[in-house]
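S.K.: Numbering-wise, the first sequence is residues -8 to 255 according to the numbering used here.
Just so you know, the hints here were simulated from the structure itself, not pulled from any lab data. All the pointers check out, no bait thrown in.
Here are the simulated distance ranges between beta carbons:
| hint | residue 1 | residue 2 | range |
| --- | --- | --- | --- |
| 1 | A208 | P251 | 20 to 30 Å |
| 2 | T43 | R238 | 45 to 55 Å |
| 3 | T241 | E212 | 20 to 30 Å |
| 4 | R106 | E6 | 14 to 24 Å |
| 5 | Y86 | E236 | 20 to 30 Å |
| 6 | G108 | T43 | 18 to 28 Å |
| 7 | W87 | E236 | 23 to 33 Å |
| 8 | R239 | D137 | 29 to 39 Å |
| 9 | Y86 | E13 | 28 to 38 Å |
| 10 | P251 | E13 | 55 to 65 Å |
| 11 | E129 | T191 | 30 to 40 Å |
| 12 | A240 | D107 | 48 to 58 Å |
| 13 | T241 | P59 | 32 to 42 Å |
| 14 | R238 | E129 | 31 to 41 Å |
Predicted model, so just to flag it, every value in this text is computed and none were measured. C-beta: ideal position from N, C-alpha, C; glycine also.
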Amino acid sequence: MPELPEVESARTVLERYALDREIVDVDDTDTWVCRPHAPGSIRAALLGRKLTAANRRGKSMWLDTTGPTLGIHLGMSGKMVFVDESSAEHDGGDYWQRGRAPGDHRFTRFELSFRDGTSLMLVDPRRLGRVRLDPPVEHLGPDARDITPAQFRAALSRGTAPVKARLLDQEALAGVGNLLADQILWLAKVNPSRPVSALTRPDLDRLQRATRRSVDAAIAEGGVHTLSVVPYRREGALCPRCHTEMRRATVGGRTTWFCPREQV
DNA sequence: TATAGTGTTATCGG
DNA sequence: ACCGATAACACTAT
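Input sequences plus hints: build the corresponding full structure.
M.R.: This is the structure we're talking about:
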C-alpha cells in the first residue's frame, strides 16, 4: 500500500502516459471517493481539458490541467492504472493488488477517458483514496525525500510525542508511512516510543540520514516492501543485525516492530 | 469465521 | 489553545 515511494511511481506513470490527452469522459459517480463535490461536478470541470503536469508532495498527488487542479490521494489501497491504445495497462509496478486482472473494473472508483481511446483510473478496493478539485497541500510538511537536516530537526523538536508518531505526522514531514517509519527507526537505532524531547542532535541527524536513505532505496528498488527490515516484521523473526528477537508494539496507533536490543 | 491492516480525519480528553 | 490518543471509514487477506 502506498507510501511516498509508491506515490512517486504512480506520479511517474501519470507523467509518462496521461499528459496532453483531451478528456472526453469522466466517471466521478463514486461520491465517497470523489468528494466533497456534488456528483458530476468534477466531470463538468474536466470535460474538454487536458492534464498538463503531475506533481507530488509526500503521499499527495495533484495534476495540473488546462482547468482546475485535480487532487488524487491513494489512501491505503489505491493505485493508478493507465490503459493505452492497445488496451495494455500500465501502473507503477506496485506490489499490492497483484491479484487484479487487467480489465477488472470492480474496484475502479474514478476514471478519465481520453479522446484517443486511452484512459486513466483509480483502482481502490477499500475506497480510502480521495479525488478532489483544487486540493490543499500547504498544510503538508516538507517532502521526506528532500527535507534538509535543519528542517528535519525543526520538525522533530517540539512536543512530547513518540518519535514514530512524529515521523508519521504528515504536517511535520510528508511521505513517511508505517513501514518506512519502522525502517528509518531501525536503521538509526532509535526506539520508536522515545519522546521527541529526548532526542539528541546525533539522534536527529542519524534519523534524517536514515529517512533519506530509506526513501531513496525504496524508490530505487520498487517500493516500501523492499526495505531491508520489512521481512522481519513478524512473530519470531530475529533482527538481521544482532539476531535478537524482534518485538511488536503499538506506537502512534500503528503496529510497530523493532529490535529491543539495538533500538533504545 | 474472526482479525489485522503500508492512511487520513474527526472527535475526545488531558 | 495545544497536543496526543482513539475510533471510524470499507474491503481484502490470512
